[in-house]
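**Q** Sequence:
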Amino acid sequence: MRAIPFVTIAVLSSFVDVVAQTRVAPEPSGMGVGYRVEEYFGETYTSPARQEFVFFQGEPISFQMMVGNLGAATATLVIEASDPQRLFQVRAFKAPPLPAEKTADRPLSADRRRFEDEGAVTLPVVFSSPKKTWAGGVFDIQLERETVLDPREYLEWVIRVPSGDLERGYYRVEVRVNGTQGGQPLREFANIRFEVRARTKEDEPELLRREVLRRFSKQDFDGARQAVGDLLRIHPNSGAAYSVLASIADAEGKRDEAATHRRSADAITKAGRDELLLKYAAKGRIID
Numbered sequence: 210m211r212a213i214p215f216v217t218i219a220v221l222s223s224f225v226d227v228v229a230q231t232r233v234a235p236e237p238s239g240m241g242v243g244y245r246v247e248e249y250f251g252e253t254y255t256s257p258a259r260q261e262f263v264f265f266q267g268e269p270i271s272f273q274m275m276v277g278n279l280g281a282a283t284a285t286l287v288i289e290a291s292d293p294q295r296l297f298q299v300r301a302f303k304a305p306p307l308p309a310e311k312t313a314d315r316p317l318s319a320d321r322r323r324f325e326d327e328g329a330v331t332l333p334v335v336f337s338s339p340k341k342t343w344a345g346g347v348f349d350i351q352l353e354r355e356t357v358l359d360p361r362e363y364l365e366w367v368i369r370v371p372s373g374d375l376e377r378g379y380y381r382v383e384v385r386v387n388g389t390q391g392g393q394p395l396r397e398f399a400n401i402r403f404e405v406r407a408r409t410k411e412d413e414p415e416l417l418r419r420e421v422l423r424r425f426s427k428q429d430f431d432g433a434r435q436a437v438g439d440l441l442r443i444h445p446n447s448g449a450a451y452s453v454l455a456s457i458a459d460a461e462g463k464r465d466e467a468a469t470h471r472r473s474a475d476a477i478t479k480a481g482r483d484e485l486l487l488k489y490a491a492k493g494r495i496i497d
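When we follow my numbering, the leftmost residue of the sequence shown carries the number 210, and every step to the right adds one.
FYI, nobody ran anything at the bench for these hints, they're computed from the structure.
All residues carry an ideal CB built from backbone N, CA and C; glycine is no exception.
Among the hints, erroneous ones may be present.
BS3-like mimics (lysine-lysine), calculated; alpha carbons at most 30 Å apart, straight line [what the hints assert, rightly or not]:
(1) Lys427 with Lys311
(2) Lys463 with Lys479
(3) Lys463 with Lys427
(4) Lys311 with Lys463
(5) Lys340 with Lys427
(6) Lys341 with Lys427
(7) Lys410 with Lys340
(8) Lys479 with Lys410
(9) Lys410 with Lys427
What follows is a list of derived Cβ distance ranges for each label pair [unchecked claim]:
(10) Arg295 with Arg323: 23 to 31 Å
(11) Thr285 with Ser337: 39 to 47 Å
(12) Gly481 with Val347: 37 to 45 Å
(13) Asp412 with Ala281: 42 to 50 Å
All chains, full assembly: derive it from the sequences and hints.
**A** Printed below as a string of structure tokens:
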């Protein structure tokens, strides 16, 4: 199940299918650990994720992990070292791919924190430098042995997993923080789950659709247009491509151009010409 975000993600456009995930449980003292996917654009031209998120080999895989003060009073996080190798404990697990004919979800344990058929693996994980978020914004921070967090303030790291060499399958990554609050260890941890699929020619439209949105989200409009062109060359009836072009034109103040692209997207959708969208909608996706 995909849960409500720990913090709000701004939706860049109505067509951007941003899906967020969080697992947060406050400590009795108010300190909690949570996470969310950093960027994710759903599934349109591929079969839906069976659990959590699906990435293709070579795609960026990144999550944001937070340590936040969810209580009503000031709290202090105490750590022994700010070096990620000592600050975090990382354990990774992998379960094999599900057979294509199997429609049920990957079985989870009774506490729903692990896959029943998973095994431990070594997974490369890279942590960014920390940031602190508060009502006034976000700023870089140098962690001290003691870091004071006011209510609703939190520390944040980006966790990246290089995916180019990952085998197909279902992954789970536990990230624990070696810290204490009020003399008690932080018990909660990030329990990140995602699927990795092989990158095949059949998946190119989906990979390009995601690249279009990835570039648009970074306001790289020229790069997004280039990726749209690549998408339309292999899938001319992509309603998603024209929706992106409309959003780019809107962002640039080109209202007439945006209206033209929007009409093209609507015509494709209403006529049922986006055959890939319909193909995967038949597998359980709902079309508005």
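**Q** Between Thr285 and Ser337, does the beta-carbon spacing fit 39 to 47 Å?
**A** Taking Cβ atoms as reference, Thr285 and Ser337 lie about 23 Å apart, which means the hint is violated.
**Q** Is the hinted range of 23 to 31 Å satisfied by the C-beta distance from Arg295 to Arg323?
**A** holds, 25 Å
**Q** Go ahead and decide if the range 42 to 50 Å is satisfied by the Cβ distance of Asp412 to Ala281.
**A** holds, 48 Å
**Q** With a cut-off of 30 Å on the C-alpha distance, tell me whether Lys340 and Lys427 pass.
**A** This hinted pair holds, its Cα atoms lying about 20 Å apart.
**Q** Next pair to validate is Lys427 with Lys311; report whether the Cα-Cα distance is within 30 Å.
**A** violated, 37 Å
**Q** CA of Lys341 to CA of Lys427, is that 30 Å or under?
**A** holds, 22 Å
**Q** Measure nothing beyond the straight line between the CA atoms of Lys463 and Lys427; if it is 30 Å or shorter, mark the hint as holding.
**A** holds, 19 Å
**Q** Decide if the proposed pair is consistent with the structure: Lys463 and Lys479, CA atoms, cutoff 30 Å inclusive.
**A** holds, 24 Å
**Q** For the pair supplied as a hint, Lys410 and Lys427, confirm whether the alpha-carbon distance does not exceed 30 Å.
**A** Holds - the C-alpha atoms of Lys427 and Lys410 are around 26 Å apart, at most 30 Å.
**Q** Holds or violated: 37 to 45 Å for the Cβ distance of Gly481 and Val347?
**A** holds, 44 Å
**Q** Holds or violated: Lys311 with Lys463, Cα cutoff 30 Å?
**A** Violated - the C-alpha atoms of Lys463 and Lys311 are around 47 Å apart, more than 30 Å.
**Q** Assess, step by step, whether the Cα of Lys479 is no farther than 30 Å from the Cα of Lys410, and give holds or violated.
**A** Holds - the C-alpha atoms of Lys410 and Lys479 are around 27 Å apart, at most 30 Å.
Hint compliance for this structure: hints 1, 4, 7 and 11 are not met, and every other hint is.
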